[in-house]
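Chains as they are written, first to last, in my numbering: chain A, 7 to 434; chain B, 185 to 446.
There may be inaccurate statements among the hints.
Sample of chain B residues facing chain A (criterion: CB under 8 Å; computed from the structure) [claimed, not checked]:
#, residue
1, C200
2, A201
3, K282
Taking lysine to aspartate or glutamate pairs in the EDC-like style, the calculated list, with each CA pair at most 16 Å apart, reads [to be verified]:
#, chain 1, residue 1, chain 2, residue 2
4, A, K140, B, D212
5, B, K264, B, E222
6, A, K247, A, E364
7, A, K184, A, D325
8, B, K294, A, D371
9, A, K52, B, E290
10, B, K369, A, D58
11, A, K147, B, E211
12, B, K369, B, E412
13, A, K93, A, E334
14, A, K32, A, E395
15, A, K140, B, E211
16, A, K147, B, D212
17, A, K84, A, D367
18, B, K437, B, E419
19, B, K317, B, D239
20, A, K140, B, D216
No lab work stands behind these hints: they were computed from the structure. Just so it is clear, CB atoms sit at the ideal spot from N, CA and C, and this is done for glycine as well.
Here is how the chains run, residue by residue.
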Amino acid sequence: MRELNVEALARVEGDGGITVTLDGKKVKSVTLDIHEGPRLIEQLVKGMTPADDLNVIPRICAICTLSHRYSAIRGLEKALGITPPEKAQLTRELMMLGENVESNSLHTFLLALPDFLGYPSAIAMLNDYADDVKRALRLKKYGNHVMAVTSGRIVHGENPVLGGFGKYPARKALEEIKLKAHELVPDAVRAVELFASLEYPTYSEADMMFMSVNAPKKSFGFAGDNILISNGKEVSAEDYKKLTNERVVTHSFAKRSLYQDGTFTVGANARMVNMGKRLDGQAADLFKEHYNDRWLKNPLYNNLAQAIEMLWSLEHIPDAADQVASMEDPATAEPTRQTGSGTGAVEAPRGTLYHHYEIKDGLIDVADIITPTAQNLDDIERHMKLTAERMLSEGKKDDEVRLHLEMVARAYDPCISCATHLVTLKRI
Amino acid sequence: MTRQSPKVGVYGFTGCAGDQLMILNCEDQLVDLFGATEIRSFVMAKSDNHEGELDVAFIEGSISTEEQLKKLKEIRERAKVVIAIGTCASHGGPQAMKLGEGGWEERYRKVYGNAKITISKAFEAQPIDAFVKVDMYIPGCPIDKGEFLAAVSKLVAGRHPYLYKFPVCTECKWKENPCILYAGKFCGGPLTKAGCGAVCPSYGLPCVGCWGPTDDLNVSSEYKLLKEKGYNPDEILRKLRKFGGAKVAQLLKDVENKGAKA
Numbered sequence: 007m008r009e010l011n012v013e014a015l016a017r018v019e020g021d022g023g024i025t026v027t028l029d030g031k032k033v034k035s036v037t038l039d040i041h042e043g044p045r046l047i048e049q050l051v052k053g054m055t056p057a058d059d060l061n062v063i064p065r066i067c068a069i070c071t072l073s074h075r076y077s078a079i080r081g082l083e084k085a086l087g088i089t090p091p092e093k094a095q096l097t098r099e100l101m102m103l104g105e106n107v108e109s110n111s112l113h114t115f116l117l118a119l120p121d122f123l124g125y126p127s128a129i130a131m132l133n134d135y136a137d138d139v140k141r142a143l144r145l146k147k148y149g150n151h152v153m154a155v156t157s158g159r160i161v162h163g164e165n166p167v168l169g170g171f172g173k174y175p176a177r178k179a180l181e182e183i184k185l186k187a188h189e190l191v192p193d194a195v196r197a198v199e200l201f202a203s204l205e206y207p208t209y210s211e212a213d214m215m216f217m218s219v220n221a222p223k224k225s226f227g228f229a230g231d232n233i234l235i236s237n238g239k240e241v242s243a244e245d246y247k248k249l250t251n252e253r254v255v256t257h258s259f260a261k262r263s264l265y266q267d268g269t270f271t272v273g274a275n276a277r278m279v280n281m282g283k284r285l286d287g288q289a290a291d292l293f294k295e296h297y298n299d300r301w302l303k304n305p306l307y308n309n310l311a312q313a314i315e316m317l318w319s320l321e322h323i324p325d326a327a328d329q330v331a332s333m334e335d336p337a338t339a340e341p342t343r344q345t346g347s348g349t350g351a352v353e354a355p356r357g358t359l360y361h362h363y364e365i366k367d368g369l370i371d372v373a374d375i376i377t378p379t380a381q382n383l384d385d386i387e388r389h390m391k392l393t394a395e396r397m398l399s400e401g402k403k404d405d406e407v408r409l410h411l412e413m414v415a416r417a418y419d420p421c422i423s424c425a426t427h428l429v430t431l432k433r434i
Numbered sequence: 185m186t187r188q189s190p191k192v193g194v195y196g197f198t199g200c201a202g203d204q205l206m207i208l209n210c211e212d213q214l215v216d217l218f219g220a221t222e223i224r225s226f227v228m229a230k231s232d233n234h235e236g237e238l239d240v241a242f243i244e245g246s247i248s249t250e251e252q253l254k255k256l257k258e259i260r261e262r263a264k265v266v267i268a269i270g271t272c273a274s275h276g277g278p279q280a281m282k283l284g285e286g287g288w289e290e291r292y293r294k295v296y297g298n299a300k301i302t303i304s305k306a307f308e309a310q311p312i313d314a315f316v317k318v319d320m321y322i323p324g325c326p327i328d329k330g331e332f333l334a335a336v337s338k339l340v341a342g343r344h345p346y347l348y349k350f351p352v353c354t355e356c357k358w359k360e361n362p363c364i365l366y367a368g369k370f371c372g373g374p375l376t377k378a379g380c381g382a383v384c385p386s387y388g389l390p391c392v393g394c395w396g397p398t399d400d401l402n403v404s405s406e407y408k409l410l411k412e413k414g415y416n417p418d419e420i421l422r423k424l425r426k427f428g429g430a431k432v433a434q435l436l437k438d439v440e441n442k443g444a445k446a
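Generate the whole structure from the sequences, applying the supplied hints.
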């Protein structure tokens with residue numbers, strides 16, 4: 007028996023590694039090990055007020071901070087019977103567009119691209135790809151700026167609250183965001199062209215199942231009350247447990263998900279499979295040009311999917327900013343009950359994120375959070391195993407196998423701190 | 185004469201990676217930052233990491249497994265200066281909010297049942313100074329770009345960085361924000377370390393205490409203000425331990441005792 011290890015998986019958020027166990031020539035198992043320590047956040051928020059909970063839970067993850075906040079807001083508002091004013095809804099949509107640009111630009115250019123071009127980091131790419139690194143930093147900074155204008159801070163902004171916002175963004179700031187979005191569209195187009203020009207190795211390819219929210223009004227988007235499955239089914243987000251079936255495994259402090267005993271994938275690629283036809287603008291043109299059957303089998307296409315999605319987000323920011331600017335600031339909507347339950351579902355950049363809450367007499371009784379990376383872990387391991395089997399049978403060297411395994415894991419844009427979140431229910 | 189660039193390592197333990205992300209969020213300074221220092225290890229940002237002697241180790245996150253504890257001690261041994269970045273490394277963070285009150289095993293069992301996680305032994309999260317000597321703290325949830333960059337510039341120049349010692353209230357007054365406490369809402373500003381620019385009160389929202397406890401010497405008078413507004417110690421602790429954990433509890437105990445003596 008021999009082991010092939012990637013001890014510290016670099017250029018991902020959080021602490022993880024990969025272990026391949028070989029029995030002779032046969033690959034016995036490939037595991038994505040999560041070393042990140044447990045935090046037990048869902049247990050700690052028990053007994054808190056919804057407002058206090060909302061301060062704590064975005065701290066599960068810095069990159070998806072607004073997705074966590076928005077998903078929790080959706081779940082808590084349902085539970086408390088709060089109907090948010092239209093301006094609040096639109097401002098939330100705008101903040102999600104900003105987070106998408108920020109996170110997708112960070113992942114595509116700075117975390118994933120160095121693998122494809124053969125560099126240890128984006129900084130090391132500076133000599134040869136200075137324009138692309140600067141492009142990435144411009145897009146990221148802009149995404150962060152949109153997040154700051156809407157949420158109050160670039161990471162863990164407290165401005166989005168139940169029923170509305172502490173303070174709505176100023177018209178001048180919205181105008182600046184709008185002008186800058188137009189300016190940056192060519193950078194995002196370049197991102198799509200760059201990721202479309204890369205070779206995506208076939209080692210990991212296999213049939214896949216995808217899930218994402220169903221954005222309302224038949225449009226592309228990052229929040230919804232129903233979940234779309236690539237087999238054509240649609241399920242209410244309230245039934246999230248049927249979709250995600252969490253279980254404990256011994257090599258990780260993150261739980262795992264299966265749907266109908268099979269693995270599935272969430273994320274930008276899943277959104278493209280389920281809602282790609284709803285894209286508009288240049289994003290739609292480029293999607294039509296580059297989308298093909300291999301997207302249904304190869305997780306590496308998540309990188310290209312993220313680039314197209316980033317362009318769509320950027321193209322939609324001006325409209326969203328205009329709509330927010332055109333409205334008067336409404337009063338914050340108040341709870342209509344103090345006991346109830348509700349599930350929020352949003353599309354974090356790396357996939358569907360559920361926040362389920364049960365509230366009793368104004369205090370949190372149950373909090374259940376299912377993160378995208380926890381849902382993806384089984385599929386990540388499945389595709390890594392295929393990659394290892396196929397590459398080793400072709401006699402590839404260990405270092406090359408290692409790199410390709412990392413590329414598969416990284417393509418999922420795993421958020422390991424997020425994944426280390428844990429559910430309150432025991433399902434052993 | 186050229187000064188040798190300091191050898192730097194950036195490490196993350198249990199937390200949200202937000203402080204490392206804030207370093208990557210210094211888009212305009214990132215290239216210079218990598219140029220002015222020799223970044224030997226930064227796993228979140230690059231693959232070519234070399235562990236060895238360090239001038240400065242920036243450490244994010246709290247410690248919650250045996251494996252992490254071993255690594256933390258090993259980093260301490262080879263780093264001349266250890267700087268805790270972020271509230272988790274400095275005070276424990278949200279995962280350590282009930283530190284010292286018991287009940288961790290019960291919470292752990294509710295999450296994992298009786299399954300044996302073999303990867304490492306876990307325990308209740310604690311700030312890094314529970315295990316090693318920390319030379320400097322740059323708290324924040326997440327750290328503030330400006331505060332971090334100012335500290336790094338001083339370090340590169342071989343000087344000691346200066347961090348605010350007063351509470352959020354001072355920054356709030358600079359901004360001329362209306363006082364949240366006077367509007368009848370609880371605000372953590374009086375007992376929370378400054379550095380964020382009083383961001384939440386600037387949005388009309390109460391300070392949630394995410395920088396952790398202030399080290400202001402005048403803290404008794406700030407505490408008195410909260411008590412005058414009708415907040416009792418239990419309530420104050422419940423609100424502020426979300427980030428400051430056991431250190432807020434200690435601060436409150438100290439002020440109470442001091443008040444009793446006076």
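Each hint tested on the structure:
A distance limit of 8 Å between C-beta atoms decides the matter here; for C200 of chain B the minimum to chain A is near 4 Å, and the interface restraint holds. About 5 Å separates the beta-carbon of A201 of chain B from the nearest beta-carbon of chain A, less than 8 Å, and the hint is met. A cut of 8 Å between beta carbons decides the hint on K282 of chain B: the least distance to chain A is about 7 Å, and the hint holds. For the given pair, K140 of chain A sits about 9 Å from D212 of chain B by alpha-carbon distance, which is consistent with the 16 Å threshold.
A C-alpha spacing of about 15 Å is found between K264 of chain B and E222 of chain B, which places the hinted pair at or below 16 Å, so the restraint holds. For the given pair, K247 of chain A sits about 14 Å from E364 of chain A by alpha-carbon distance, which is consistent with the 16 Å threshold. About 8 Å separates the Cα atoms of K184 of chain A and D325 of chain A, which keeps this hinted pair within 16 Å; it holds. The suggested pairing of K294 of chain B with D371 of chain A holds, with an alpha-carbon distance near 14 Å, which does not exceed 16 Å.
Between K52 of chain A and E290 of chain B the alpha-carbon distance is near 13 Å, which keeps this suggested pair within the 16 Å criterion. This hinted pair checks out: K369 of chain B and D58 of chain A have alpha carbons roughly 13 Å apart, not beyond 16 Å. About 6 Å separates the Cα atoms of K147 of chain A and E211 of chain B, which keeps this hinted pair within 16 Å; it holds. For the hint pairing K369 of chain B with E412 of chain B, the CA-to-CA distance comes to about 13 Å; that is within 16 Å, so the pair holds.
Taken as a hint, the K93 of chain A and E334 of chain A pair is honoured in the structure, with Cα atoms around 8 Å apart against an allowance of 16 Å. Among the hinted pairs, K32 of chain A with E395 of chain A is consistent with the structure: their alpha-carbon atoms are about 7 Å apart, no more than 16 Å. The hinted pair formed by K140 of chain A and E211 of chain B meets the criterion: a straight-line CA distance of about 9 Å does not exceed 16 Å. As the CA atoms of K147 of chain A and D212 of chain B are separated by approximately 8 Å, the hinted pair is consistent with the 16 Å bound.
For the proposed pair K84 of chain A and D367 of chain A, the alpha carbon gap of about 15 Å is at most 16 Å, so the pair holds. Note on K437 of chain B and E419 of chain B: the hinted pairing holds, with a Cα-Cα distance of about 13 Å set against a maximum of 16 Å. Taking the CA atoms of K317 of chain B and D239 of chain B, the gap is about 15 Å. The hint holds against a cut of 16 Å. The hinted pair formed by K140 of chain A and D216 of chain B meets the criterion: a straight-line CA distance of about 13 Å does not exceed 16 Å.
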